[in-house]
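Peer 1: Put together the whole structure using the sequences plus the hints.
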Amino acid sequence: MRKYLIRRILIIIPVLFGVSIVIFALIHLAPGDPYSSMIDPNFTAEDRRNLLEAIGYYDPLPVKYVKWLGRAIQGDLGYSITYKEPVLSVILRNFKNTVVLSLTALALSVLMAVPIGVISATRKNTIFDYVVTVFSFIGISVPIFFLAMLLIKFLSFDLGLFPISGMQTIGSGYSGFMKFLDFVHHLMLPVIALALVQMAQLMRYTRSSMLEVIMQDYIRTARAKGLKERLVIYKHALRNALIPVVTVICISIGYLMSGAVLTETVFVWPGMGTLVYQSILNRDYPVVVSCALVMAFFILIANLIADILYAFIDPRIKYE
Amino acid sequence: MPEALLEIQDLVTSFKTTSGLQRVLDGINLSLRRGEILGLVGESGCGKSITSLSIMRLLPQPYGFIENGKILFNDKELTDLSIPEMESIRGNEISMIFQEPMTALNPVFTIGNQIEEVLDIHQDLKKRDKKEKCIEMLKLVGLPRAKDVYNEYPHQLSGGMRQRVMIAMALSCEPRLLIADEPTTALDVTVQIQILELMKSLQKDMNTSILLITHDLGVIAEMCDRVAVMYLGKIVEETTTVNIFDNPLHPYSQGLLNSRLGNIQKGEKLICIPGMVPTLSDKPQGCFFSPRCSKCIDRCKTDMPELNEVKPGHKVRCWLYVDEDY
Amino acid sequence: MTEYILEANNLKKYFPIFGGVFSRVEGYVKAVDDVTFKIRKGETFGLVGESGCGKSTTGRTILNLLKPTGGSVTFNGKVIFDVENKHTLNKKETRALRRNMQIIFQDPGSCLDPRMNVASLIGEGLLEHGLAKKREIMDKAVELLELCGLRGECVHRYPHEFSGGQRQRIAIARALALAPKFIVGDEPIAALDVSIQAQVLTLMQELKEKLGLTYMFISHDLGVVKYFCDSTCVMYLGSIVEQASSERLFSNPLHPYTKCLLAAIPKSNPRETKERIILSGDVPSPADPPKGCKFHTRCPQAKDICKDTVPLMKEIATDHHVCCHLY
Amino acid sequence: MSLMTVESGLSPWKIATAKLKRNKLAMFGLFVISILVALAILAPVITPYERDRIDMFKIYESPTSEHKLGMDEMGRDVLTRLIYGARISISVGIVSTIIAVVIGVILGAVAGYSGSIVDSIIMRIVDVFMCFPFFLIAIVIAGILGPSIINLMLISGLLNWPSLTRIVRAEVLSLKHCEYIEAAKALGLNARKIIFKHIIPNTLAPIIVYATLGIARGILIEAGLSFLGLGVEQPVPSWGNMLSAAQNFTTLTTYWWVWIPPGFMVLVTVLSINFLGDGLRDALDPKIIQ
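One line per chain: the protein sequences are D, Y, U and X, in this order.
Everything in the first sequence is counted per my numbering, starting at 1 for the first residue and increasing by one.
Everything in the second sequence is counted per my numbering, starting at 1 for the first residue and increasing by one.
Everything in the third sequence is counted per my numbering, starting at 1 for the first residue and increasing by one.
Everything in the fourth sequence is counted per my numbering, starting at 1 for the first residue and increasing by one.
Treat the hints as calculated values from the structure; they're not laboratory data.
Any given hint might turn out to be false.
Unchecked claim - Only pairs whose alpha carbons sit at most 30 Å apart, straight line, appear in this in silico DSBU-like list of lysine-lysine:
#, chain 1, residue 1, chain 2, residue 2
1, Y, K200, Y, K76
2, U, K92, U, K140
3, Y, K147, U, K291
4, Y, K204, D, K235
5, X, K176, X, K193
6, D, K124, D, K96
7, Y, K16, X, K21
8, X, K14, U, K134
9, Y, K204, Y, K147
10, D, K228, Y, K315
11, Y, K126, D, K228
12, U, K91, X, K21
13, U, K267, U, K291
14, X, K185, U, K133
Peer 2: Set out below in structure tokens:
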């Protein structure tokens with residue numbers, strides 16, 4: 001078990017290295033030099049050159065990479081041109097909102113999808129199963145922003161059930177619990193949009209994993225013992241079916257964040273997605289690239305957690 | 001008290017397939033006496049495993065179902081029982097062990113947990129007693145490190161040990177009937193004999209009846225008191241084990257015995273059964289075995305013979321033994 | 001003087017075990033550990049043992065399907081490989097060798113490419129070796145199928161349309177297409193039903209007589225080996241423990257393991273009384289075999305010497321070799 | 001031989017086709033896709049108006065008998081642009097999938113067949129790609145490279161191969177130990193012949209399924225990026241950039257005919273492809289032929 005974990009953690013190192021190279025390449029692909037707007041336009045060309053040389057602008061690429069990596073490890077991801085503050089603090093502010101949004105959506109989708117997937121598998125080829133199947137097909141086929149826009153138009157605008165955008169009612173002056181309720185009210189629609197799509201995938205996955213497990217010999221053994229069907233399904237089958245599902249849930253955090261980019265843009269939710277989109281429009285590349293780096297790091301951690309969880313729920317890993 | 005513990009009458013089990021209903025079991029009649037080991041022998045696809053699953057009412061859902069017939073177990077009609085009633089019989093009065101010890105145990109629960117589960121369902125024991133009983137069972141089936149095994153997971157055990165665990169699990173409630181579906185097919189010869197000897201001695205001690213399903217006549221010779229030979233969903237011969245080896249009547253039984261290589265001298269020509277088992281959707285007219293039978297007469301091609309008792313305790317389904325006294 | 005078609009000397013095949021944090025080689029599974037045997041021309045040579053004893057690996061290694069770790073194999077007087085002397089065949093020689101040595105596998109479900117029809121399965125080798133032109137393939141395939149007891153009309157069918165026994169016949173036809181002299185049968189009948197086993201075995205026997213083949217027959221079933229093989233080798237944990245003519249081996253087994261194996265065969269008749277030597281426990285892991293004689297942990301006749309000294313192969317009688325300290 | 005009646009066998013492909021035909025959802029998907037492809041090809045013939053024709057007097061006109069789906073923010077016929085949009089969306093889906101399949105299959109086959117160091121290097125690269133949130137990195141690259149159809153195809157193709165590489169590698173690894181591969185070796189076939197005659201035909205099933213579903217993914221990426229203005233640029237219509245009109249709040253709430261039809265088209269197209277892909281997965285399942 002310990003060996004397994006150490007190996008998992010060590011495997012991250014080359015991957016992180018690869019990620020940093022990709023990010024560094026992106027920085028260099030970005031058009032223009034990021035400093036031009038930060039330097040006083042009254043400087044002479046000579047001064048400009050000296051200044052750029054001093055900050056290492058003309059260094060060879062490997063040197064630049066090492067310097068950049070050194071700074072990045074210390075949390076210095078550069079300086080945002082639009083926000084006039086360090087990139088990291090901008091990102092952290094928005095990151096929090098994305099995490100709230102995507103984790104809520106994840107929790108909701110897991111709570112819904114796993115039971116529905118299980119029931120659908122145990123009642124294969126019933127009406128319930130067909131409805132679930134078609135619903136999940138639609139869920140994986142709908143562009144998430146289109147779903148978001150439909151929700152805004154019909155639920156928020158036409159029926160007025162939810163606020164249209166943002167995180168809180170501007171100028172309401174709510175405080176304390178009311179403020180929280182207002183926040184939840186704003187949170188609901190983007191969460192529904194994200195969760196519906198996420199649910200569709202998880203449901204399909206749970207269903208097929210469950211169908212596979214139900215065919216196994218040990219399920220027949222459990223029945224032959226005289227176990228009640230409910231226990232056969234929810235103890236013996238589910239425990240095994242969940243092993244791959246848990247991994248998928250962890251890995252799907254990455255997809256959730258991707259989906260969040262589009263959802264946030266539609267709902268003007270001040271998270272990473274909105275930040276990336278705004279920064280692209282503002283040509284604020286340090287922010288754009290750093291967002292990718294932070295997200296990649298986050299996903300890597302999520303995958304690591306998936307591996308660790310996997311080792312905990314599957315006894316076959318522990319002893320290998 | 002009736003002599004027969006299990007009495008199967010005209011059992012017909014069918015499967016729904018894309019090409020319509022298929023009769024996997026086509027009128028099985030079988031009786032198993034108390035304390036007896038009955039062998040059910042036949043080649044793959046003859047329906048021997050489906051017979052056992054029909055008794056347990058564990059046919060693969062939603063395809064398989066019992067179309068007709070009765071299964072009397074200890075005076076209870078199993079086909080009429082409700083699901084909870086059936087559940088209280090499974091693992092308690094009738095238990096089962098399977099062919100593949102590698103996959104028959106749930107990989108995510110400990111051995112102890114899986115055995116205690118049976119006790120949980122059928123017996124009312126205190127927690128400590130349960131564990132004690134569980135370890136006692138593991139010792140009974142000859143597992144040397146019973147206390148350790150209790151806390152181990154199936155993947156830590158070898159095939160032979162897992163099959164012992166399965167036996168411990170199956171016998172923990174002292175069932176009246178144990179159904180063993182090819183219990184040693186997946187094991188090596190030296191392990192096979194360990195398991196067979198274990199089953200024999202436990203059967204004697206606990207006076208359990210065993211329905212032993214196998215394709216291996218050697219295992220039958222080793223274990224069984226009586227034997228029924230199956231071919232394509234029907235029983236073709238039923239008699240004592242000694243009879244089947246000394247004086248097989250049905251040409252199929254004869255062919256099976258002749259196909260065994262162990263006691264044929266080197267260089268002797270093998271007498272093979274020609275052709276192969278037909279598929280269920282393509283059953284021959286008349287006697288199902290007629291196209292492969294070397295003693296086939298005209299009548300065999302048109303009519304299916306009944307399972308007749310041609311000698312006391314010797315039933316056979318063949319036209320050769322119907323009219324004339326052989 | 002008897003003529004040997006194949007000689008294997010000190011054959012070894014180790015599979016590395018990866019482990020630890022950096023996936024380094026932590027040890028070896030000694031699947032085949034110093035095995036020496038000779039196969040006479042025209043005989044059926046049996047290799048028996050329980051699962052994991054290395055019998056299949058031996059078969060594949062002599063065919064060069066697996067890269068040997070050590071030892072040498074000579075086929076028809078030609079050295080196929082000799083690891084210690086760094087001798088291997090070049091590509092052309094290997095191809096020529098393939099024509100003469102073929103293999104039949106255990107699982108009739110997976111030994112035929114499901115996407116090829118019978119004609120192309122059988123014709124594949126013929127085309128590869130230029131033994132037939134494209135338009136002759138069909139006739140040749142029909143001929144081979146009929147030789148193996150299948151109807152020639154089946155040439156356009158696909159493997160999944162046949163039963164297990166029929167597929168095994170197709171596999172035999174494919175192996176025979178190249179007119180080999182030596183065929184390794186890796187448990188060719190283990191996956192088949194009893195009545196079909198007898199059919200396939202009869203076919204193999206007939207073909208052997210008709211075409212003058214030599215078989216190496218790998219099996220776990222002692223009954224089959226006793227009937228089918230002329231001489232037999234018993235393997236345990238990667239080593240040969242006893243080797244003799246089948247007649248001698250089955251009437252007068254010497255090695256305690258052979259005795260146990262024979263005693264473990266179920267009775268052939270309910271009246272038969274058999275003396276049982278029940279072995280305790282399971283076969284040890286080939287990754288960590290016991291020191292000394294590998295069988296000493298389970299041997300009913302183990303002595304002190306067995307625990308630390310590896311016994312050597314001794315010739316007890318003509319053509320009867322045994323590897324045990326008792327003799 | 002010539003006189004003999006030869007039985008024609010049921011090849012795995014024939015079985016798969018027959019199975020697919022029985023799958024109602026898949027056939028429905030295939031039917032819809034065929035219609036959409038036909039519409040896309042025949043766009044100039046069947047559209048009632050010219051693609052970019054502007055009618056200044058009919059800006060945001062709601063659907064009428066003349067303009068069945070109304071007019072957009074510049075007074076262009078929505079139906080016409082919707083049909084033309086199919087061309088872009090579908091071709092982005094197909095081209096990006098071809099790119100992904102070529103890279104994925106080659107790298108996967110090489111990794112699986114060669115093993116050892118080559119395998120670990122390729123798999124680490126796959127890991128690196130897999131840990132970027134797919135859409136985010138697409139946006140970043142699109143933002144840096146600038147919007148264009150070619151960039152869109154490249155981004156979608158270059159980001160979609162890693163999971164296919166994993167699939168192909170796993171498939172090749174399991175085939176490598178298959179007895180019929182060993183039998184082919186025993187017959188004397190060399191590595192190249194084994195790969196092309198045995199391994200590739202037997203890995204085709206998952207590749208076909210992945211490619212089908214990949215087209216759906218490509219269409220979704222096009223929609224997403226164009227929606228953000230990072231994909232196809234005006235005046236060329238694509239479903240994605242038609243949807244981006246809804247970034248305007250009034251359009252979103254009031255002029256629904258401008259954005260709901262393209263969104264619906266994306267949904268229907270992707271849904272149909274997913275139906276077909278899922279049907280193919282079932283039909284090509286190798287279990288049925290073994």
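Peer 1: Does each hint hold? Answer for all of them.
Peer 2: A quick look at each hint next to the structure:
| no. | hint | result |
| --- | --- | --- |
| 1 | Y/K200 - Y/K76 | holds, 27 Å |
| 2 | U/K92 - U/K140 | holds, 25 Å |
| 3 | Y/K147 - U/K291 | holds, 28 Å |
| 4 | Y/K204 - D/K235 | violated, 35 Å |
| 5 | X/K176 - X/K193 | holds, 13 Å |
| 6 | D/K124 - D/K96 | violated, 41 Å |
| 7 | Y/K16 - X/K21 | holds, 21 Å |
| 8 | X/K14 - U/K134 | holds, 24 Å |
| 9 | Y/K204 - Y/K147 | holds, 26 Å |
| 10 | D/K228 - Y/K315 | violated, 39 Å |
| 11 | Y/K126 - D/K228 | holds, 21 Å |
| 12 | U/K91 - X/K21 | violated, 47 Å |
| 13 | U/K267 - U/K291 | violated, 34 Å |
| 14 | X/K185 - U/K133 | holds, 21 Å |
This entry does not satisfy hints 4, 6, 10, 12, 13, going by the numbered hints stated previously.
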